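The hints should help you fit chain A onto chain H, whose structure is shown.
Protein chains: 2
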Amino acid sequence: MRKGRQTVIFENAPSIFETASTVGKKEGEGPLSAKFDTVLDDDYYGEDSWEKAESKLQKKTAEKLMEKAKITEQAVDLILAGDLLNQCVGTHYAVRDFDIPFLGLYGACSTMAESMMIASMLISGGMANNAICVTSSHFCSAEKQYRFPLEYGGQRTPTAQWTVTGSGAAFIKNEGNGPYVLGATVGKVIDMGINDVSNMGAAMAPAAHDTLSALFSETGTKPEDYDLILTGDLGHVGSDILCHMLDKDGYNIYPKHNDCGKMIFDAKKQDVHAGGSGCGCCGSVFCGHIFKELKNGNIKRMIVAATGALMNPTSLLQGESIPAIAHALIISTDIENFLR
Amino acid sequence: MRKGRQTVIFENAPSIFETASTVGKKEGEGPLSAKFDTVLDDDYYGEDSWEKAESKLQKKTAEKLMEKAKITEQAVDLILAGDLLNQCVGTHYAVRDFDIPFLGLYGACSTMAESMMIASMLISGGMANNAICVTSSHFCSAEKQYRFPLEYGGQRTPTAQWTVTGSGAAFIKNEGNGPYVLGATVGKVIDMGINDVSNMGAAMAPAAHDTLSALFSETGTKPEDYDLILTGDLGHVGSDILCHMLDKDGYNIYPKHNDCGKMIFDAKKQDVHAGGSGCGCCGSVFCGHIFKELKNGNIKRMIVAATGALMNPTSLLQGESIPAIAHALIISTDIENFLR
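Respectively, the protein sequence lines represent chains H and A.
Residue numbers for the first sequence follow the working numbering, beginning at 1 and rising by one.
Residue numbers for the second sequence follow the working numbering, beginning at 341 and rising by one.
Careful: at least some of the hints might be erroneous.
[Unchecked claim] To give an idea of the interface, some chain A residues facing chain H are shown, with a C-beta separation under 7 Å as derived from the structure:
1) V348
2) I349
3) N426
4) C428
5) V526
Hints were generated in silico from the structure; no laboratory data involved.
Bear in mind the structure is a predicted one, so any value in this text is a computation, not a measurement.
Ideal placement from N, C-alpha and C gives every residue a C-beta, glycine not left out.
Bound conformation, chain H alone (with noise of 0.2 Å):
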């Protein structure tokens, strides 16, 4: 059921059966090392290059998960998924030995979200019964796509944020014991004239800032009805912002906001800077530890947001700004009627 311009609410809420996670070494040194399915200690992964090494994350993290929900390729109906890399190549190497149809999807570091969102709609809408989702990211592919080669040492400025190795994958299913998809905003692209690559919080807080205000319109909800609104990799000074840009139009979201950016690195002790990004980001945090969050009753009712920053490094030097874009999910342990 549609509600409002961007808001779809589930007559029939998927349930997110099982997930899977992996990360890299520093990821697993961080706050939340003991949520993650695997720790790499080797972020080459045995292959002799990093887009090898990303592409086999995500391959892997698929195949764990698969063999957590006790389920064969043939029982998928679906696998959606992306990744940063050009032409998401991570993504098509780690898929192309799956015997299971695909939808390549493209929405930056918001593609945990988007493919969690697509698949719920299309298992909502009877087009399958269960999908996979996944994503990754990689710091040291991403460093030389984006920026520079590791290999020239160059400094980070305070606000630019540390691209997270890792990978999470989500088993969705048109049946199940919850935590449930109940409903998701599909975002709008918004630029701001941000054009700072190493400030893509700011880059992404307005594109936040734009879904959830439609989430919260839409819906008729506050954010005191949920127990956590996540966002995917806002970073510290994303997260700033959005909390601050929210405020202004009359959404409380600090006491309820966290940021997966923020949660997976200790950005003092690990030099992150201001925090973590990246496709894998969202999706190790969110399949490694929120899940666990739901499923053991920690976190009923939460929102997660995943950003995304839609540039390219010919865009950049060719004088253009940094579009971006943020897809929400409603996820509850219950089947509710709060949103309708």
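Relative to chain H, chain A alone:
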């Protein structure tokens, strides 16, 4: 209703309400010249880079679509789009000024079919009332990104294809007078080990074979049931391979098959070797030419299967082969039960 592993048949078949198309100068000199809404006389489109020109191509085509369909942005529920540029920036800079919820896709040259397929699924499932699907490609931005700078003047091999400068856009609705999207077959990523970026037809043909085989067997239909079996951009080499592969399986598509990459250029006169390619190839040919043929009754029932090659230049330099995908739609001027 799911039918087999990859195919969905729509209970409420969405209607393709209107289309729009734009092409470059060379495409405007080809056999389909009169079919397109706009033919550019300057492939820079008044911009100062090929990438900005491509973005404008997509934006102007979507605007033309809204003008032809007599709708405002506010009346559009979703826009689904993607392109070949790194991080799909052609799309993002095109849609950032639209006040329309956005879903970003990456399917390489299969994007026109992928976007129309997902839009049809979301509309048929009640998640949206309508959607715009749009994609683009640009010869100059693609050559620069995937192969050689134009200034280098590299010699092209006989199997090489010519990326179409063009854009296609379609407006799909939950009601209308057709043509209707009766069903769709979701592709799998297929990699047969081809690693020659100048022979993408050969890399993509096995993906088209896989999807069309699934479509025929899961729907119980035969090539004879269709007036046209259209592929996206296999070109002359890939088309021959596809027809041969299907023939060996007992599906003789020779009399019914055509390919947008063969149709858009006069291969002999226009020096395009194996034919056209790119997201804009299927986009502009379907939205410019084929939609008119459906509307005037020259085609009553058809398949469109757009193919995409899912590599990037870095992955090929690292010794990888070219994975590919094809997504197929079954389109008819009547709501029919022949698929039930």
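Structure-based check of each hint:
For V348 (chain A), the interface hint holds, the least distance from its beta-carbon to any beta-carbon of chain H being 5 Å, beneath 7 Å. A least Cβ separation of about 10 Å between I349 (chain A) and chain H goes past the 7 Å threshold, and the interface hint is therefore violated. Residue-level restraint check for N426 (chain A) holds (minimum Cβ-Cβ distance to chain H is 4 Å; threshold 7 Å). A least Cβ separation of about 5 Å between C428 (chain A) and chain H falls short of the 7 Å threshold, and the interface hint therefore holds.
Restraint check, V526 (chain A) versus chain H: the minimum CB separation of about 4 Å is within 7 Å; hint holds.
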